[in-house]
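Peer 1: Below are the chains, spelled out letter by letter.
4 protein chains.
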Amino acid sequence: MFDAVIVGGGIIGHSISYHLNKSGIHSAVIEKGQSGKKATRAAAGMLGVHTENEAPDLFHHFCLMSRNIYTSLSEELLELTGIDIGLSSFGMYQGALTAQQKEKLLVKEASFSNLKWLEGEQLKSRIPWLTESVIGALYMGEDGHVEPSHVCEAFKRGALLHGGELFEDSTVLDIEQSKDSFNIQIENEILKAGKVIIASGSESGRWFEKTGMQNPIVPTKGECFSVDDGRIGLKETLFFENFYAVPKRDGRLIIGATSKSFDSSAAVTAGGISSLMNNVFAVLPELTEAPLLDYWSGIRPGTVDGRPIIGEHPYLSGIYFATGHYRNGILLAPATGQLMRDIIKEGNNNVYGDLLSPGRLLRKGENMYEPSS
Amino acid sequence: MFDAVIVGGGIIGHSISYHLNKSGIHSAVIEKGQSGKKATRAAAGMLGVHTENEAPDLFHHFCLMSRNIYTSLSEELLELTGIDIGLSSFGMYQGALTAQQKEKLLVKEASFSNLKWLEGEQLKSRIPWLTESVIGALYMGEDGHVEPSHVCEAFKRGALLHGGELFEDSTVLDIEQSKDSFNIQIENEILKAGKVIIASGSESGRWFEKTGMQNPIVPTKGECFSVDDGRIGLKETLFFENFYAVPKRDGRLIIGATSKSFDSSAAVTAGGISSLMNNVFAVLPELTEAPLLDYWSGIRPGTVDGRPIIGEHPYLSGIYFATGHYRNGILLAPATGQLMRDIIKEGNNNVYGDLLSPGRLLRKGENMYEPSS
Amino acid sequence: MFDAVIVGGGIIGHSISYHLNKSGIHSAVIEKGQSGKKATRAAAGMLGVHTENEAPDLFHHFCLMSRNIYTSLSEELLELTGIDIGLSSFGMYQGALTAQQKEKLLVKEASFSNLKWLEGEQLKSRIPWLTESVIGALYMGEDGHVEPSHVCEAFKRGALLHGGELFEDSTVLDIEQSKDSFNIQIENEILKAGKVIIASGSESGRWFEKTGMQNPIVPTKGECFSVDDGRIGLKETLFFENFYAVPKRDGRLIIGATSKSFDSSAAVTAGGISSLMNNVFAVLPELTEAPLLDYWSGIRPGTVDGRPIIGEHPYLSGIYFATGHYRNGILLAPATGQLMRDIIKEGNNNVYGDLLSPGRLLRKGENMYEPSS
Amino acid sequence: MFDAVIVGGGIIGHSISYHLNKSGIHSAVIEKGQSGKKATRAAAGMLGVHTENEAPDLFHHFCLMSRNIYTSLSEELLELTGIDIGLSSFGMYQGALTAQQKEKLLVKEASFSNLKWLEGEQLKSRIPWLTESVIGALYMGEDGHVEPSHVCEAFKRGALLHGGELFEDSTVLDIEQSKDSFNIQIENEILKAGKVIIASGSESGRWFEKTGMQNPIVPTKGECFSVDDGRIGLKETLFFENFYAVPKRDGRLIIGATSKSFDSSAAVTAGGISSLMNNVFAVLPELTEAPLLDYWSGIRPGTVDGRPIIGEHPYLSGIYFATGHYRNGILLAPATGQLMRDIIKEGNNNVYGDLLSPGRLLRKGENMYEPSS
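Protein chains in written order, with this note's numbering: chain A, 30 to 402; chain B, 30 to 402; chain C, 30 to 402; chain D, 30 to 402.
No lab work stands behind these hints, which were simulated from the structure alone. Mixed in with the good hints, there may be bad ones.
Copies of the same chain are indistinguishable here, so a pair counts whether it falls within one copy or spans any two.
Quick list of in silico lysine-lysine cross-link-like pairs, BS3-like style, CA-CA up to 30 Å [to be verified]: (1) Lys-289 <-> Lys-221; (2) Lys-61 <-> Lys-264; (3) Lys-66 <-> Lys-289; (4) Lys-264 <-> Lys-133.
Construct the complete structure from the given sequences, taking the supplied hints into account.
Peer 2: Structure (structure tokens):
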């Protein structure tokens, strides 16, 4: 009998497990394959607080808080588990290729403190490899990146060291409510838990349907490739409308990402990689000579309204969701883990109100759901 | 004391070793790394007798003979070694995108028997995935392909079964002549041989220089990628001016190849793969959706006059070359092995005269070489 | 609306689809990942008719028929799809290390025609690398092997060319009966079919439970590794009680396999590989020097009584099973495909009676099942 | 014209290049393949100052200094290049399985400060996974490890940023002295340099021979494998007589290493991995269940007297060696780079005298060498 069972062993599930077990809530993660090998591993790990937000609103606050937690987590997890999460803080540039893009970035600069617009020439003095087509960039000096699979592994081991449990290679066949608890049926076993948290990313949709809600998840394939960055030696992340380039701390430069809605296939298509290459070469032509290292894909959990879904089921007590992070799963993993811990310990009242709650998906008067019989 | 030592363990070296040992000439191959892991492994394995020739001349005869030997070799090597060389005989199409290309192919059709020009519509009825930009193709029904690394492995094992020897992970540091034989110095040993055959592909150049000749080798990098051909299901090879597509018998479709002269670097560049993709997508747009499987490169041994160099050194008796096959090394491996066997057994007179001989590289009156002091 | 939908895109599912579509029964395969990437790919591909049988009974007949079908399939699929299934017919040796093992093999020799016992010395003259501990072996000259992933790919492409359809990256969430047909719910779609065939290997268990039967599937992990066989050059397969060695037509030697019941984890354990190595080195010590190439695992679908389950559900008309092939899935794929075709076209009467039928699992008077409400 | 050319682009060559260029000595590295892909990449990266030394002598001082440099280098290289060298400082345990081993470790404890012997029970309280066969261990709290390929990449990029140059995929064919400088012939170019530094690891031998010395290099193959350490979660390195286990900061546990003198082959043998597995399972039986991740090999440059060779050629001015580091190349790379810089700037007098000098290899009265004619 667990206090909570978390369905899904990606970075979100293991962050929740870490934070729950650390605060004494005995929890287990159930993962159908191996932990962190799906969308988590596919992510570049950008902590793009200011590429993902246009104004300092509540969602920005959630992002910012999450990014800041990484600083202390980095020390804490290294000490506890021996795993280095690869936190980099060289900052990001969001580049503009058109006057319109520049206009938007100048508005953004004015909206936040700590961002700084650089005209083309200033930018070229810092990154001489950019073509003239780049008319400037907004510098976000505090937004860096982490190594997603290391973060997930550190959360996983940290949770185990705090008494958590882990069931890998285990598909959840069914979840049934019985009085005050839940029976979670996996292939050769039934687990019992006081609460169930759905954190299975792009595969979460079926659990919304099973619990009487419409499926809000939009599986969105992303394809990436990596090159050896030796000739260029970027240190900061570059972010453009149709590609990004993240220089990792081991010398790889990750180029991402396509975005294909309602595509759950594992294949990395030749056309996907080709279009990314054409986009990046237009801005960084030196990369044509860079040695190709690898390519991969992941299925991100998009949502119908573009925001994550974190909180208790609107009318089924004890069922929680922590999913729908689209391309912000790595950035938001720490804050999601802490928010879920707080909700489970202290109830559903929190500053984010309907911003993230599953209940927001029940739109008034539209009768979007039928409680399951 | 070997009758012959062959420097280089690619498909050429092992074909020679196989044919020599089979006819009782005790031979050893020296390979600095592992056999067949360089240009051999990188090749798509096309037996493009008629893509590589414009007219039925002596070089065409050499190509044709080599392709034909593969049919009997396939049985012989399978029986002897258990290795299947993957011979496919579904034929090739050489496509035309312009009137000029068509004109050239019609001339070619007239020059050879067994080739057949297909107008665009006929072609589309056979391969419906081609765009309208393809105005027709020349069908070469008897030209297929093999699996190059399997051929090399089968030659290697066949040579060993016929009494041959093999030294892998062994760099040849020096070759010295002593009376009637040669001392071949490898790292911790000196081998003695009556004859030395240089078959080290793109790395053969140094041995021309060491023996008083100008270096005729032009290392030429080629980059390829492969996709899963499941959706299209090509059976015949497609050959265009800026790419080819070879459907292998295990379901992979190999797309090749860039051609970068005087480039010996191992890297597969992002730009090289990107340009190939753009070329193939223009003709086979369905391939944008094909799953990317792999990418690789190899360094082909081009030559200054575009022909292989097979035969005895023009004035140093006992030194032979079998190199410079550019992109025809797989096609020509069987005939090269047999020709070297014949030259070593019966002397330098053969039908190819100066076409392939090292001596042709000594142009009259130009004093291109200085015997080494 | 399909005539039949097959759940599971391994070699069994695609063989069924091939045989159904070829005979005009319009069928689709649904595969949750990519075709042939699980147990199919993990198999060594032995056609071990006589290692898997002790006497010429009905199951032996099924195995023998399936092996023989491969001969004609090889030509048929190559012609149709361009894929070579890698059929090898160099035969197998089942070796004995103890007098007891020898005794059993002598009984087997007497039970079948075409098998031949070889004493230790005869055997050593054929395979000189074996240690003295091998006291002899039974030679099974007609039992060879195929390349499992090629077979599956050829069936897949062949089925598509015969009008079949394929849904990959598609998890079947539910199957519901509605009058005369079935609704098969995948993530973003509902397929309709007249019949449903469960061919999902080690993951078939849930469909037995869903349809009111006890789960007869015993997921059984197997771990393998491969080496470069260049030094030894085996052509025949060796089969011992605690390992087998299969020389593939590309030069790899596959060593298998551990057998861990009720283990569905994907991991290849260090201890599993180590135990296989210790077993094989005791008999073939030369392999200590062989270069290690790869290692992998697969989950085979064992069953409670050790036999496959092929046929219609005992009381739910229109639901069929073709699963539980344990380590004989490659051997039995052709015969399973043909048997399912015959059952669907001509009904449940066939020579195998209760040997393979799902109904046999309902033991008399034991009330093993409850029809689902 | 370079001030210095370094032959060999492993961690030693790039450390030297980094230190030279940083202090204004314009230098280039020539690497026949890609930087850091041979012995450097194969190393586990232990900074085993106290596993590699028995007493606080001059060689220990060199090791200790090198380890200490890593601390400042880690910051310096991260800032300069963006590469994190992966420095870990969780310490090492050198374990004892016999009374004799314990005795030796107690002597070692007495010889150094900062080492601490732990009896079996104390050790088990820290690392409960060890078997009873471990009777205790010496704790070396300041000896950690780095990520060798990251160090090499950071040195490489750092050198380039300080004005250095790099020629990859370039084999040095010959080195000739001409007056005050050297001509270094690579395939299509001749480089000129004031000094030449041989840093080509296990392949350095030929340059000793070319310069009139006996070859002191003993190529020594080492084979390793890695597992997923999730279940055990080691943080400290374990060092035993017949294996070591290094927990890397990304969660991999590296097990090493075999040691095969005069073996330059690239193959990872099945027997090599098997023997390592048997050794480690005897002490850490839990690892039988650990998922196998990878395996690899490298050729370490051993020497005839077991010590590195760092310094100027005994009688050919301008030729330097920095090689022969056996299994201490990663540990000693920083100190080697600094020592070479000091020798080149300030001459051959240094505290290490004959300990490391090439001249020590000319033993008195033995006439070990003949100046080349």
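Peer 1: If any of the earlier hints don't hold here, list their numbers in rising order.
Peer 2: Hint check: nothing fails, all pass.
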